[in-house]
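Please build the complete structure, drawing on both the sequences and the hints.
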Amino acid sequence: MENTGLSLVTVVLFLPLVGFSILLFIPDAQSRNIKYTALGTSLVTFALSLVMWANFDAANPALQMVQRWEWLPQYGIGYYVGIDGLNMIMVVLTTFIMSIGILSSFNAHVIQERGREKLYYLFMLLLQWAMIGVFVVQDLIIFYIFWEVTLVPMYFLVGIWGGEKRVYAAVKFFLYTMAGSILMLLALLYVGTQAGTFAVPEIIAGIQAGTISFPLDGLFSTQSILFLGFFIAFAIKVPIWPLHSWLPDAHVQAPTAGSVILAGVLLKMGSYGMIRFLLPMFPEASVAWAPIIALLAVIGIIYGAWVSFAQTDMKKLVAYSSVSHMGFIVLGIFAMTSIGIQGSIIQMVNHGISTGGLFLIVGMLYERRHTKDLAAFGGIWKAMPLLGAISLVVVLSSMGMPGLNGFIGEFTILLGSMGSTVLGIGFTVVAALGIILAAIYMLNFFQRIFMGELDKEENKNLPKLEWNEIAVLVPIVVLAIWIGLQPAPFMNPSDATVESLVAQVVPDTTTVAQLPEAGQGE
Amino acid sequence: MDLGQFLSDANNLAWLIPVGPLLAFLVITLITNKATLVSADEGGHYADHNHPAYPGLKVPVVADWSRVASIVVGMSGVIAAWLISIAVVTNAAGVADFGKYVLESSVRWMDTGAGGFSMGVLVDPATVAMLIMVPLACTLIFIYSIGYMAHDPRQARFFSLIALFSGAMLTLVVADNLLLLFVGWEIMGLCSFMLIGFWFEKPSAYKAAVKAFTTTRVADVIMLLGIAYLYAVTGTLSFREIVYNVEVLEGLAELPAIIIPGLSAAGLIGICLIIGTIGKSAQFPLHVWLPDAMEGPTPVSAMIHAAAMVSAGIFALLRMFPLFEAGGHPHDGVYTPPLLLMAIAGSLTAIFAATIALAQNDVKKVLAYSTISQLGFMVAALGIGAFVAAFFHLLTHAFFKALLFMASGSVIHGMEHGEHHVHHHAHDDEDEHDHAHETPLLAAESHGHDAHDTASHDAHGHDAHGHGEHTAHAPHFDPQDMMNMGGLRKTMPVTFITFLIGGLSLAGFPLVTAGFWSKDEILLDAWYGVTNGYGPHALVFVLLAISAFLTAFYTMRQIGLTFMGEARTEEAKHANLGRGVVAFTMTLPLVVLAFFAIFAGFVGVHPDFPIFGSIFSPNGNPFFDFITTSLAVKPEKVGFYWVPVLTSFAVGLGGIGLGYLMYWRKPLVAGQEDPLVKILGTTLHTTLKNKYYFDELYTIIFILPAQWFSKNVAYEFLDKGVIDGTLHFTGRLFTWIGDFIKVMNAWLIDGFGDGLSEMIGRAGIWFRRMQSGSVQQYLLIVALAAIVIVIVFALSTGVLQAAP
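Protein chains in written order, with the numbering used here: chain V, 8 to 529; chain R, 3 to 806.
It should be emphasised that the hints constitute simulated quantities derived from the structure, not laboratory data.
What the simulated footprint calls covered on chain V by chain R, stretch by stretch (three residues with Cβ under 8 Å from a Cβ of chain R suffice, anywhere in the stretch; the number is not a length):
| no. | stretch |
| --- | --- |
| 1 | 314-325 |
| 2 | 386-394 |
| 3 | 406-418 |
| 4 | 437-443 |
| 5 | 491-502 |
Derived CB-CB ranges, DEER-like:
| no. | chain 1 | residue 1 | chain 2 | residue 2 | range |
| --- | --- | --- | --- | --- | --- |
| 6 | R | 691 | V | 120 | 54 to 60 Å |
| 7 | R | 7 | V | 220 | 55 to 61 Å |
| 8 | V | 510 | R | 11 | 35 to 41 Å |
| 9 | V | 471 | R | 11 | 47 to 53 Å |
| 10 | R | 723 | V | 380 | 19 to 25 Å |
| 11 | R | 691 | V | 471 | 46 to 52 Å |
| 12 | R | 705 | V | 170 | 31 to 37 Å |
| 13 | V | 35 | R | 109 | 51 to 57 Å |
| 14 | V | 50 | R | 703 | 52 to 58 Å |
Heads up, the beta-carbon is just placed ideally off N, CA and C, and yes, glycines get one too.
Written as structure tokens, this is what we have:
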């Protein structure tokens, strides 16, 4: 397996760096070449990730297309990549969102204003490389490196091309995330040295076989502390309430593409980390902490929705809605049922699509009006009918409209948490309240921008959508509808892996008393 | 897969029913809906009270070819659905022992670790009954919309939306599982949002749209929880596997529910699903959205109130009825919690809404409350186990209520026409138009009409008047206010006759109207329980009988105010539909529906009813026998009683008679107060007119606190104050620590390291300065040096430390 040349995963991982290197040699003035090189790189990466999907064997729960090179064998550290049901679709999501992000930046006013266009796209490609790395790498140390590397380009994207308070936001983002990752670093060093290897599959196999064990006797024993070390890093990234306060600032200040990538991919690194590392490496601690984490998740769902409702700044509204939506994902994960975790995985994709779409829409309005204040709009449906129609679909997708993607995720998460052994039904009921609130704040958002009288002079002659704006919105709408109507192709890949993962963590997965003979549902 | 082969199987044909309208939606949305930009202030078709004009702005107006193409596509879609429905119904009729055997087909939709979902279609007797009503009603609404929306700049969009609406409704009807039903259910919710807010510039319209969506959404999420719990318990959502399966039902009835002690799983799931319907079918206390939904164009009202959305709520209850009944037996006086909930909520809603309808002056609002009330009849009937009667009333109500809404739409259209006439035309050409009014409404298209109508819509814009809350600049005229009408029977005879037929059917005019027969069935079932001393039956019987009386009365009031007497305004005098395509498409559906409003009732006559029973039901009640074949537990037939029949006669005729006396014999003249005000007293009348102040109440107890909480508590206090505050404090703390370390650093480490080199450097400069050659400076330095030496000497020898 290791001697068959380059794995497709490696190719997908390093393509952005190839583009990065090419970009370095293009003179600053050749704006067109810079843009298209960046776009071309991301599109080719996206295409190859689709090839990767096509070659993926959904029935096999194990890692596939593995590539492994030794680096520091004496410590058990090495380059180790592969895909399975947990990360395959995340890689595709990353390459998709990056293509969207790059294409949407083509006319960005802020880049023309502040210049340094080449630097911008260099950071974008660097970010793509690091994010794919986070998802595919199976070695704790290398994972940590990629995890930290994602911070740097994002920091500069916000800090250079952001809004007025960009420095504050960038620093807050950087420090907050950094503080979390330090704890993770300590925890993963301990795990690796105890296990004698940093290769995650081997550690998990050891834990399963009982050769490696972290004792858990009480909430603050070794396993718990290690669990928390990882968890806090992931929780900040997700973000879980009350560690979310970096997010609204970062989103509001980030340039449009930055927000799209932040919401679309970066947040998912946290929830992905929970599924990939927390559950299998610390199964007992995960079960023990699940109710507390689920409680935070549910608070986040309600809290995010409620705060979102109060916002007058479009971007902030969407940012807080992210807090609410990510709460669902965490709830699904810590329900520890296969349907819940599968729901979380598809919901990560859905959230990337719908929230990414919302940020794009907000960005387009911002480009035209240079304000993010909801009160500055109204009646835009008349001025920009196409944007109105597309926005409606995206808004509905975000609020979980059946027939669109958001519903699939929310419904499966509700099913999963309802059938959970580790969580009570109360979590599900309160989470469902979040769906109601989502309808309220999302409709409020839509109505205040697009409905009502077109009474502001400035709004009457808004420029039409540019070709690249349509080109980024259309795939989002298509995917929202596609996943909503036919979720199977998007959910099946994770089926086998999640099934085996859940079997490792909790053997028995239902508490809700069931009818003995009723479940003849094929 | 080979499509021909697929469709040759009768089981699969039902898949195609929703396809037509859904395809029409896609085609119109993506292809045929094309607007041309027209400068609004230049006139044209654009501006009217629903479409404010904006000086200097080019506004999209649907192109003529697009208007026609969209109508053609939309009509094709809905007619295809209708024809396929007929084919499916025919197929179903050919199935031996239909009901026990049904047409069904399903595909795997989603795999998850624990089982997964299938999606499929199911044609059983309940579906067949709906397939006879829904596609027909939808088709008629489409035809009506050709005329009603003929001058709207967004007619193409309107057709795409009602096509989606029909597609969603048909999906819901043919669904074989709760999940697909829920999908159709929610898409309808979306369409109603879009259609109520169709004139999205109007604050009243978009507010009503948001209100409708969020109110129903509250109920829908509770329903979704019920669905999720049902799946968690049974592992399936298929109707056939749950409600037509006695074992599952018994199991659910015996299984204790989570959270709530004393309730069975069936009870909890049932209550969740019923709450869904309470939202969708606008039952108390979630009824508030429906009257506001009148902001949409009138065909939408018909769609929402008759053919689709609210019927969907009742249909879902009918579908899941065996689950609600599981563990109880209302025929023997054993009620389950879901049944009690329905009996109480339904009968209260029926009377509550009927009283509000008494005091409404808006022609559509009366019908809106009437709808809420009639849906209450159905829900209450289900609560006492009268499954068949409820289903029967659902079908007859759909026909006569669609008729009434469309007829009221014609009235409004006619009033707008009349208004234009008054405001725009000079008096000298009035004779000509009066002449035109006398010609038959169904006359072929005449020359000159279009120009007239076009001009009329211009005029609306210039007059800037509006419906409802829309404040006008010029003298405000409300074409929906019945106080402005009167005497319309003269100028709009076809509308009058069809409205009368629909109204009598709603009022339950004995023997010849459909509404009488279905309402009578409900009362019969309720009376059966009264004779056995069952409390809920008695509650339902009494409240519904009173509501039926009120219904008859307010219907006559409505017809009296609208059509009887003399015109109370100039506008009413000139109200008519004009002639031509517009008038034809707006009248044809009324005539067709009037037919059903009379004859649909004869399929469900009680076999023991004197004379009528032997004519229409010689072999037992045909509707009853057909609809119950698929039920696992068949409802018992109720014998014939005279009391409920006489009650039906009494309340129907009594209400009609009273209404006749008050509003037909002595029609209101212009400026006269509604005689009802005197009878009820001003306070009660005002309370009713303001709908018992429910909107205000909800604003005070839900909306304002929620807004205040989200802004002040959640955002300002918690998020910015506590959470960000803690963070900033931590940040500042670290900054202080950092500063402290920095200072320490500067003193100790830098002070030593940097200080050394710096000192050397400084010393160099200093020494250089010393070599300035200035004598005074040398002296100064020497003096300073001497002082320092003295101090150091003193310190080291303890001179200065002598003091204790």
